[in-house]
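Here my numbering is used: the first residue of the first sequence is 9, the next is one more, and so on.
Keep in mind that the hints are not guaranteed to be accurate.
[Said to hold, decoys possible] Computed list of lysine-lysine pairs in DSS-like fashion (alpha-carbon distance at most 27 Å, straight line): (1) K197 / K486; (2) K123 / K686; (3) K313 / K253; (4) K300 / K288; (5) K165 / K186; (6) K630 / K102; (7) K123 / K697; (8) K26 / K612; (9) K313 / K288; (10) K26 / K526; (11) K156 / K469; (12) K186 / K102; (13) K469 / K500; (14) K789 / K832; (15) K598 / K152; (16) K186 / K197; (17) K826 / K816; (18) K165 / K152; (19) K253 / K237; (20) K789 / K123; (21) K123 / K598; (22) K197 / K165; (23) K598 / K612; (24) K580 / K697; (25) K500 / K580; (26) K598 / K102; (27) K197 / K288.
[Stated by the list, open to error] Computed Cβ-Cβ distance ranges for the label pairs, DEER-style: (28) G437 / A251: 28 to 36 Å; (29) R651 / I101: 50 to 58 Å; (30) M230 / A281: 37 to 45 Å; (31) R538 / K165: 38 to 46 Å; (32) P285 / L340: 26 to 34 Å; (33) A281 / V603: 53 to 61 Å; (34) V839 / R651: 49 to 57 Å; (35) R651 / R23: 15 to 23 Å; (36) K526 / L340: 30 to 38 Å; (37) V603 / A626: 18 to 26 Å; (38) L173 / K598: 28 to 36 Å; (39) K826 / A42: 32 to 40 Å; (40) R538 / K237: 29 to 37 Å.
Just so you know, these hints were derived from the structure itself, not from any lab. Here the structure is a predicted model, which means the values were calculated and not measured. Cβ coordinates follow ideal geometry from the N, Cα and C atoms, glycine included.
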Amino acid sequence: MSMNERYEPQSIESRWQKRWEEAGTFRAGRRPQAEPRYVLEMFPYPSGAMHMGHARVYTIGDALARWLRMRGHDVLHPIGFDALGLPAENAAIKDGRHPAERTAENIVSFRAEMKRLGYAFDWEREVVTADPSYYRWNQWFFVKMLEKGIVYRRQGKANWCTGCLTVIANEQVVEDDKCERCGSPVVEKVIPEWAFRITAYADQLLAGLDGLTAWPDRITTMQRNWIGKSTGAEVDFAVQGSAEKIKVFTTRVDTIFGCTYVVLAPEHPLTAAVTRPERKAEVDAFVARMRKTEAAERTGEGAPKEGVFTGAFAVNPYTGEAVPVWIANFVLAEYGTGAVMSVPAHDQRDFEFARKYGLPIRTVIQPAAGDRTPPGEQLGAATTEDGVTDASGAFSGLPSAAARERLSAHAAQGGFGGPTVRWHLRDWGFSRQRYWGTPIPIIYCPDHGAVPVPVEQLPVKLPPQAIITGTGEPPLAKVPEFVETTCPICAKPSRRETETMDTFVDSAWYYARYLSPKDEAQPFDPALARRWLPIDVYVGGPEHAVMHLLYFRFWHRVMHELGLTAEPEPCKRLVTQGIVNGPDGRKMSKRWGNVVQPGYMVDKFGADTVRLFMLFAAPPEKDIDWSDEQVDGLFRFLSRVWRLFVSRQGCFEAPEAALAQAAGPYLELRRRTHRTIKKVTEGMEADLKFNTGIAALMELVNELQGLEPAADPERAAVREALTALAALLGPFAPHVAEELWHEVVGAAARDRLLADEPWPAFDPALCVADTVSIAVQVNGKLRGEVSAPAAAGEAEVRALAEADEKVKGYLAGKTVKKVVFVPKRLVNFVVAG
RNA sequence: GGCCCUCUGGCGAAACGGUAAACGCGCUCGACUCAAAAUCGAGUGGGGCAACCCCCCGUCCCGGUUCGAGUCCGGGGAGGGCCACCA
9 MSMNERYEPQ
19 SIESRWQKRW
29 EEAGTFRAGR
39 RPQAEPRYVL
49 EMFPYPSGAM
59 HMGHARVYTI
69 GDALARWLRM
79 RGHDVLHPIG
89 FDALGLPAEN
99 AAIKDGRHPA
109 ERTAENIVSF
119 RAEMKRLGYA
129 FDWEREVVTA
139 DPSYYRWNQW
149 FFVKMLEKGI
159 VYRRQGKANW
169 CTGCLTVIAN
179 EQVVEDDKCE
189 RCGSPVVEKV
199 IPEWAFRITA
209 YADQLLAGLD
219 GLTAWPDRIT
229 TMQRNWIGKS
239 TGAEVDFAVQ
249 GSAEKIKVFT
259 TRVDTIFGCT
269 YVVLAPEHPL
279 TAAVTRPERK
289 AEVDAFVARM
299 RKTEAAERTG
309 EGAPKEGVFT
319 GAFAVNPYTG
329 EAVPVWIANF
339 VLAEYGTGAV
349 MSVPAHDQRD
359 FEFARKYGLP
369 IRTVIQPAAG
379 DRTPPGEQLG
389 AATTEDGVTD
399 ASGAFSGLPS
409 AAARERLSAH
419 AAQGGFGGPT
429 VRWHLRDWGF
439 SRQRYWGTPI
449 PIIYCPDHGA
459 VPVPVEQLPV
469 KLPPQAIITG
479 TGEPPLAKVP
489 EFVETTCPIC
499 AKPSRRETET
509 MDTFVDSAWY
519 YARYLSPKDE
529 AQPFDPALAR
539 RWLPIDVYVG
549 GPEHAVMHLL
559 YFRFWHRVMH
569 ELGLTAEPEP
579 CKRLVTQGIV
589 NGPDGRKMSK
599 RWGNVVQPGY
609 MVDKFGADTV
619 RLFMLFAAPP
629 EKDIDWSDEQ
639 VDGLFRFLSR
649 VWRLFVSRQG
659 CFEAPEAALA
669 QAAGPYLELR
679 RRTHRTIKKV
689 TEGMEADLKF
699 NTGIAALMEL
709 VNELQGLEPA
719 ADPERAAVRE
729 ALTALAALLG
739 PFAPHVAEEL
749 WHEVVGAAAR
759 DRLLADEPWP
769 AFDPALCVAD
779 TVSIAVQVNG
789 KLRGEVSAPA
799 AAGEAEVRAL
809 AEADEKVKGY
819 LAGKTVKKVV
829 FVPKRLVNFV
839 VAG
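With the hints as extra help, turn the sequences into a complete structure.
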């Protein structure tokens, strides 16, 4: 075959895409004897067209998947679409089209773009979450989890738009608590909702993080903070003149002797009960005002502390002292017990509040060393550090940590509290008053209440004839054919649940569905799960650190309990890729006019150049700016590679046996070739160092370019280099690599695909140079450089160094106290005098 | 306020505690050309010097550990991210 003189990606890429597809090259499960590897990228939400961010994730995952394949693994590299969700529904409301129609179109466009980028996906496993054959299993999990008590019904808070008369999502609440669509005020409303008891897994989810050593620290840290375990104590304060008790939660029970008042959240159930009649009007007004204020504004840090006295007093069980009970905006009903003991001397919030309302401030912690803390009234701010208890009765003089233990134990003995643990993590409310989601499979029977749809009757399908207006009751409630049904137990006329599930449910377990995407009997095949799970490498954006990645881990644990998976964690290694910004360094956005479309760039430069750019610009986790100049440079690089193959075609006829005779620059070339293989291989193994691997390939090309092989040994060395180059390019620029490989193997092996070839091996003996340049330092400063045999020992190198004229000058008249020798790198003379 | 990350040439970046700036971009000069583009070759951290010999300075700042620090430790600064009155 004769090659085109010029590199024209447009003429070769689609041809190889077709070949891979016809050959089923990337189908998983075709190497049953090989070690499996599961490489997954977060599936896309197909709103609009594919953007550069998508091109980057899939390029990273693809390079890895292709490399593992060449290393001989059976690789599962699937793709699907996260198709249900709010944006599609909102778009539908806007342009009057059905979300199913619109989503289907977007998927068609995404699929085409992905194929044009040459991703090695196993397309036969494609999963679309909007498909009833997928969401049916969401419903199945719902029923199973309901049986196990993991799903339950609770009173939840929702954003209620006073104009649309419907619940809206957080994303639809714009500044000043207005509805994004109609501009009406949004208020908080308490409505019943379905929730997952993820808090029951808080301990496991936290402990599991310790095992995720191949996850970025920042992600596990964020999860840790989100789960937010805090160890403290609960203490009951009896309300004077009442049978009620106020239970407070504190992490600083060591400061309890400094408690000078107690505060309840406005929503606290005891608020009304403890309030004295003479204070009722004021308290009611305050609570009502707080109800109307949006949470962020009321409890945000900027918000001034505000409160009102209830007239009641509560008794500190440690001191017997009665302290006033207040209601304040800064106490959150949903954290802890919704009530706090206030110790203004040692808590900044309590301090500010006490100052504002003239409440006493009492110092009860002294520093372990140094000056004593002045009495509370003289403090300028709270002292929040641990120390030693003071003015704390029988508990005085204890270090804070010990005091916390003793005081907690004392509460437990006295029956008025004890040590406890609280979590920041809340249960996951997943009811949505929306159309474009998985219907919740519940039927409300007048006699039997909420009855789950029997699993054999699943899926409960979304009715196609939805009326989506974004106002009034949930869309499904407006479809009588959907709502009206009969009770599965007694067959009485009943109504279906009209809420749908949060889309995070869809993405919580999709990776498992890829194992047997057409399974009709179960969500996935547990036998296949044993082979493929956990995921070896999961690539996605760090913005999913806490929501998706926590739900994903939670769901996996539930599946593990259901006996579906062997391991409790879904994924061994997580790679979070950075953003692709516009050429101006700003986030790509229509607003800035800096959006660069991957499809357009593929048209212009070909997929391989776009892929190389993504991999070469920076390590995967860093943000990058799109750069037209860099892209030009990478296109030039591929063109140079192409011309090299064209101009050195003669080398492919050189006899293999001549290789051993390569000498001089051609022996150096062979060394470069083997070092390059080593460098690329080790970069992939270690840390997905695509950028330095590609740099090594460029160096090899630069060296090749300077050579004019003539004799057989020279041509053989060039052939060896070009063969390696084509293979090493395979994971990064797969189309041009296939084309060049085809040139390497010749017409005789026309059926072979590079993607099926083994990854090249390097000869360690050829990776070391025989002569190395060694730095000579005197007292750690570079003073010279000598060339020595790689195997040279200290004595030899020292002699060479001492013979160096420059070094001599620095050593003259000095006493050498010590010599540090690092083989192949440097020698350092430590001198005095 | 808490937690985390980052800081290296004009730019993107490299660098097991061991010759800082590989590789790419940009720029300069040269070759080819009538000319340009493309391509190829050379150079390109700052300062000093007749000199491309050589010397000094250089990885945000200050200090420490070390024969030796971009890298490790302590303190500070700037930028970014996430959470945010979590008791």
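Going through the hints against the structure:
At roughly 22 Å between alpha-carbon atoms, K197 and K486 fall within 27 Å of each other, so this suggested pair holds. For the given pair, K123 sits about 31 Å from K686 by alpha-carbon distance, which is inconsistent with the 27 Å threshold. Restraint check for K313 and K253: satisfied, since their Cα atoms lie roughly 25 Å apart, inside the 27 Å limit. Under the criterion of a C-alpha separation no larger than 27 Å, the hint pairing K300 with K288 is consistent with the structure, at around 18 Å.
As the CA atoms of K165 and K186 are separated by approximately 17 Å, the hinted pair is consistent with the 27 Å bound. For the suggested pair K630 and K102, the alpha carbons sit about 36 Å apart, so the restraint of at most 27 Å is broken. Distance hint between K123 and K697 is fulfilled; the C-alpha atoms sit about 25 Å from each other, no more than 27 Å. For the hint pairing K26 with K612, the CA-to-CA distance comes to about 20 Å; that is within 27 Å, so the pair holds.
This hinted pair checks out: K313 and K288 have alpha carbons roughly 20 Å apart, not beyond 27 Å. For the given pair, K26 sits about 24 Å from K526 by alpha-carbon distance, which is consistent with the 27 Å threshold. Of the pairs offered as hints, the one joining K156 and K469 holds, with about 24 Å between alpha carbons and a cut-off of 27 Å not exceeded. Note on K186 and K102: the hinted pairing holds, with a Cα-Cα distance of about 18 Å set against a maximum of 27 Å.
A distance of roughly 21 Å separates the Cα atoms of K469 and K500; the hinted pair therefore holds under the 27 Å criterion. This hinted pair checks out: K789 and K832 have alpha carbons roughly 18 Å apart, not beyond 27 Å. With a CA separation close to 44 Å, the supplied pair K598 and K152 exceeds the 27 Å bound. Annotation: proposed proximity of K186 to K197 holds, straight-line Cα distance about 14 Å (limit 27 Å).
With a C-alpha separation of about 16 Å, the suggested pair K826 and K816 falls inside the 27 Å cut-off, and the hint holds. Distance hint between K165 and K152 is fulfilled; the C-alpha atoms sit about 25 Å from each other, no more than 27 Å. Simply put, K253 and K237 have alpha-carbon atoms about 25 Å apart, close enough for the 27 Å limit, and the pair holds. Proximity of K789 to K123 is assessed by CA-CA distance (about 55 Å); at most 27 Å being required, the pair is judged violated.
Restraint check for K123 and K598: satisfied, since their Cα atoms lie roughly 25 Å apart, inside the 27 Å limit. For the given pair, K197 sits about 5 Å from K165 by alpha-carbon distance, which is consistent with the 27 Å threshold. For the suggested pair K598 and K612, the alpha carbons sit about 21 Å apart, so the restraint of at most 27 Å is met. With a C-alpha separation of about 19 Å, the suggested pairing of K580 with K697 holds against the 27 Å cut-off.
The straight-line distance between the Cα atoms of K500 and K580 is roughly 49 Å, outside the 27 Å bound, and the hint therefore fails. Proximity of K598 to K102 is assessed by CA-CA distance (about 19 Å); at most 27 Å being required, the pair is judged to hold. Taken as a hint, the K197 and K288 pair is honoured in the structure, with Cα atoms around 23 Å apart against an allowance of 27 Å. Checked against the given bound of 28 to 36 Å, the beta carbons of G437 and A251, roughly 33 Å apart, stay inside it.
Our hint of 50 to 58 Å for R651 and I101 holds, since their Cβ atoms are close to 55 Å apart. Remark: the range hint 37 to 45 Å for M230 to A281 is upheld by a beta-carbon distance near 39 Å. A C-beta distance of roughly 41 Å is found between R538 and K165, which places it inside the suggested range of 38 to 46 Å. Checked against the hint of 26 to 34 Å, the C-beta distance between P285 and L340 comes to roughly 27 Å, which is consistent with it.
Checked against the hint of 53 to 61 Å, the pair A281 and V603 passes, with Cβ atoms roughly 58 Å apart. Checking the proposed 49 to 57 Å range against V839 and R651 shows it holds: the Cβ atoms sit about 53 Å from each other. About 20 Å separates the C-beta atoms of R651 and R23, a value consistent with the hinted range of 15 to 23 Å. Under the hint 30 to 38 Å, the C-beta atoms of K526 and L340, about 47 Å apart, miss the expected range.
Separation of V603 from A626 is about 20 Å and conforms to the stated range, judged on CB atoms against 18 to 26 Å. Separation of L173 from K598 is about 32 Å and conforms to the stated range, judged on CB atoms against 28 to 36 Å. Range check, K826 to A42: about 53 Å between beta-carbon atoms, so the 32 to 40 Å window is missed. Look at R538 against K237: about 32 Å separates their beta carbons, and that is inside 29 to 37 Å.
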